[in-house]
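K.L.:
Based on the hints, put chain B in the right spot on chain A.
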Amino acid sequence: MTLENAPAARIALAEAAAAAAVPPAPPVAPSRPVRFTGEAGAFWRLLLRGALLLAVTLGIYRFWLATDVRRFLWSHTEIAGESLEYNGTAAELLIGFLIAIAILVPINLIFFVLTLSMGGAGGLISMLGFPLLFVLGQFAVYRARRYRLTRTVLRGVRFHQTGSAIRYAFCATFWWVLVVLTLGLVYPFMQASLERYKMRNTFYGDLGGRFDGSGWRLFARGVFLWLLVMVPLLVGIFGVLGSLDFEAIGEAMGGNQRAMTRFMMASSTQAAIAFGTFGVGSSILLAILLFPVFQAIVLRWWLDGIRSGALTVRSHLLKRRIYGAYLRFLGLALLLIVATIVIGFVGLAIFGASPDGTGTEIAGTLASVALYVVVMLGFSTIYQATMRLALWRHGAESLEIEGLAVLEQVTATGRAGSAVGEGLADALNVGGI
Amino acid sequence: MATGTGVYFDGRTSARREVAVEAAPDALRISAPDGTLLAEWPYPELIAQSAPADVLRLGRKRDAVLARLEVPDAALAATIDEYAHGIDRSGVTERRARNKIIAWTFAATVSLVFIAVVLLPAIVERLAPLIPLSVEHRMGVAVDAQVRAMLDTEKSSRPFECGLEGREIAGRAALDGLIGKLETAAALPIPIKAAVVRRKESNAIALPGGSVYVFEGLIDAAKTPDELAGVIAHEIGHVAHRDGTRSILQAAGLSFLFGMLLGDFTGGGVVVIAARKIVESSYARDVESAADRYGVDLMSKTGGDGRALGTILERIAGSIEPGMTILRDHPGTKARVELINSISPPRRGPPLLDSSEWAALKWICS
Chain A
1 MTLENAPAAR IALAEAAAAA AVPPAPPVAP SRPVRFTGEA GAFWRLLLRG
51 ALLLAVTLGI YRFWLATDVR RFLWSHTEIA GESLEYNGTA AELLIGFLIA
101 IAILVPINLI FFVLTLSMGG AGGLISMLGF PLLFVLGQFA VYRARRYRLT
151 RTVLRGVRFH QTGSAIRYAF CATFWWVLVV LTLGLVYPFM QASLERYKMR
201 NTFYGDLGGR FDGSGWRLFA RGVFLWLLVM VPLLVGIFGV LGSLDFEAIG
251 EAMGGNQRAM TRFMMASSTQ AAIAFGTFGV GSSILLAILL FPVFQAIVLR
301 WWLDGIRSGA LTVRSHLLKR RIYGAYLRFL GLALLLIVAT IVIGFVGLAI
351 FGASPDGTGT EIAGTLASVA LYVVVMLGFS TIYQATMRLA LWRHGAESLE
401 IEGLAVLEQV TATGRAGSAV GEGLADALNV GGI
Chain B
1001 MATGTGVYFD GRTSARREVA VEAAPDALRI SAPDGTLLAE WPYPELIAQS
1051 APADVLRLGR KRDAVLARLE VPDAALAATI DEYAHGIDRS GVTERRARNK
1101 IIAWTFAATV SLVFIAVVLL PAIVERLAPL IPLSVEHRMG VAVDAQVRAM
1151 LDTEKSSRPF ECGLEGREIA GRAALDGLIG KLETAAALPI PIKAAVVRRK
1201 ESNAIALPGG SVYVFEGLID AAKTPDELAG VIAHEIGHVA HRDGTRSILQ
1251 AAGLSFLFGM LLGDFTGGGV VVIAARKIVE SSYARDVESA ADRYGVDLMS
1301 KTGGDGRALG TILERIAGSI EPGMTILRDH PGTKARVELI NSISPPRRGP
1351 PLLDSSEWAA LKWICS
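Protein chains in written order, with my numbering: chain A, 1 to 433; chain B, 1001 to 1366.
Derived by calculation from the structure, the hints in this document are not laboratory data.
Don't be surprised by glycine CBs; every beta carbon is placed ideally from N, CA and C.
It cannot be assumed that every hint is accurate.
What the hints assert, rightly or not - Chain A stretches covered by chain B per the calculated footprint, using a threshold of three residues with CB under 8 Å from any CB of chain B:
hint: 1; region: 59 to 70
hint: 2; region: 103 to 112
hint: 3; region: 143 to 157
hint: 4; region: 409 to 423
What the hints assert, rightly or not - Computed spacing ranges between beta-carbons, pair by pair:
hint: 5; chain 1: B; residue 1: A1075; chain 2: A; residue 2: H316; range: 36 to 44 Å
hint: 6; chain 1: A; residue 1: F224; chain 2: B; residue 2: D1220; range: 56 to 64 Å
hint: 7; chain 1: A; residue 1: Y372; chain 2: B; residue 2: A1122; range: 22 to 30 Å
hint: 8; chain 1: A; residue 1: G352; chain 2: B; residue 2: D1220; range: 27 to 35 Å
hint: 9; chain 1: B; residue 1: H1085; chain 2: A; residue 2: L348; range: 52 to 60 Å
hint: 10; chain 1: A; residue 1: L366; chain 2: B; residue 2: P1159; range: 39 to 47 Å
hint: 11; chain 1: A; residue 1: S268; chain 2: B; residue 2: G1180; range: 48 to 56 Å
Next comes chain A alone, as it looks inside the complex:
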């Protein structure tokens, strides 16, 4: 039901309702029912003020900022004329975080004591800690998703999520190990498998979800990106291995300074250095340039796969829109870097001119920490204001939904989930808040 037709439809509805006890027939929705009404300017102001407060509170403010950002994004997203509602609070996130700390601190303490008191064996045990925390992180990701879903309300009915977070955690860990072993090739299949599980357990009221996206389709769409990034890297590696004189390395290491210099000047070494720099350099450059393309491809593929009963979703996301936002991000980031360098030089000049002493040292450390914090916050703010907003807005507005009528006959079920998952994800730095 579009806003333009509302008055006419209202009258029609009133008459129909008055005439019969039969509920009115659901109106036909246009095929692009999702609108995003948020303004970039308002979002920028929100993020900038948030960044300032984050700096002043050493990050404690992040719970409030995250809630504000979600409220902004949700409430400006309209599906068939009704906007989404985020009814989570910052207090819930804070409490979830405190509970997560209560869980993690003992674990960390145990590992710390083990490492210290058992020397070598303790070192091995603390290496066990890393996979344990990784699995815990995936558990947290699933639970955090549940929290966000259950705090999303549309037309008075909340979303919710079933399924086992432990099972998801182990599945996800297993897939991530495969992704690392295959240098990223099986990433599409991991996404397909995990999304199927997640969407199967996602509900809007009593309306269940499904995911029909195919790993092979994402692979086909994205493999060229993988090749573009990997091939220069592999060329570089093989070039280095091929041109380096390994016997010469052994000599140079065992000998003195002059032997080392001779080794460095040798043409084979120079070629190896050239290969290495070219390979790694172009790989990184391509990765930076192609990252938004990757994000757009994955987002579009994911949106295309969402199903719910008779409801199907298709996405007409245009890569160039995402790329435009990315260029804005790069431009602003560059400005920030230049500004930081200028301030850094000025600071160094002042620092060099001041008298020595603990006072200057402490002031210098504080100033560099402050600069670092400003830069990091700056990057995060710029990224959210450009890329995150663009992905959300264009993703939402690209949606062509059919079978929207099912949304009108959903019964409410499900309860709100706790925010401990969010708290764990935040404490473990797996992108919680």
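P.N.:
Below, chain B without anything else, positioned relative to chain A:
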């Protein structure tokens, strides 16, 4: 009394209903177009939910379901705003509450910093002596392996430790003799394990558990046995005062405090490092001068000359801390040398090593 239209969701199904809304003085009445009363919401129970700016979205407190009423009409919304004290469209109450929160979180930050800079070191100060020697020994073993790995960067064909083969062995014997004299005078509950390692810096470090690493550069820089002994006595002072353990505890404490609480704000690491640097640099002076006093004291017990420590410090003109060699005139050094000179009694005894032993020691790293 104002009326208008709205959209009502009863929270049980997602059905959308156009309704007539009446903002009566006692309660909000929601009626279907045909006049049937759908719901009556008392004003104290109303909460404004998150919605786009032009819509007032209302819900009820303590509602079993998520019933919602959306009022797009600005005038009606204003009337409801007036009647319902819990709702403030202008956002003043929310701003006030938010400012209170900001003030409290700022206060929490300040107290965190206070804990890190004042309380934590004080706690660590009390805690460090309580750690049993056996635990400290094991800590030392763990740290030792990592420190060795960190220091041994040259990876030449010769062993990293000096004094193990050929004519280096005589130097090792001389060193053992020197340290034996210092150990006897110090009478520590744990043995000192010293090693000379191949590193160019003029430095020496002490690890928890009694390991002392003397760098080749220090042996080269020392002109008399007393100078070398002075530095080793200073390091023994660190061991006696358990400075290594204290430093580890402080680092761990700060990592817990800031690393956990910051979440993925900036990836905490930098702030933790900076916090440690700040805390340490304010305490380093006291720790170093305490070790200096101990060193001078120990030297005079063995009959050596405490001033030699000052002499070699000036020569190196750097701070004797792990890994930090500041190659310019550090004011801290001047103050330390003055202190050392003021508390050193004149020498009264034979040199700690005779000339042949000293010559052998100079060749410990060939």
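K.L.:
Are the hints correct? Go through all of them and say.
P.N.:
Now the hints, each set against the structure:
1. 59 to 70: Since three or more residues must qualify, the claim that chain B covers the region 59 to 70 of chain A holds, with 5 doing so at under 8 Å.
2. 103 to 112: holds (count 4)
3. 143 to 157: It holds, with 5 qualifying residues against the three required.
4. 409 to 423: holds (count 4)
5. B:A1075 - A:H316: 36 to 44 Å: Given a distance of about 39 Å, which is inside 36 to 44 Å, the answer is holds.
6. A:F224 - B:D1220: 56 to 64 Å: holds, 60 Å
7. A:Y372 - B:A1122: 22 to 30 Å: holds, 28 Å
8. A:G352 - B:D1220: 27 to 35 Å: holds, 31 Å
9. B:H1085 - A:L348: 52 to 60 Å: holds, 56 Å
10. A:L366 - B:P1159: 39 to 47 Å: holds, 43 Å
11. A:S268 - B:G1180: 48 to 56 Å: Because 53 Å falls inside the window, the suggested range holds.
Violated hints are absent here; each numbered hint is respected by the structure.
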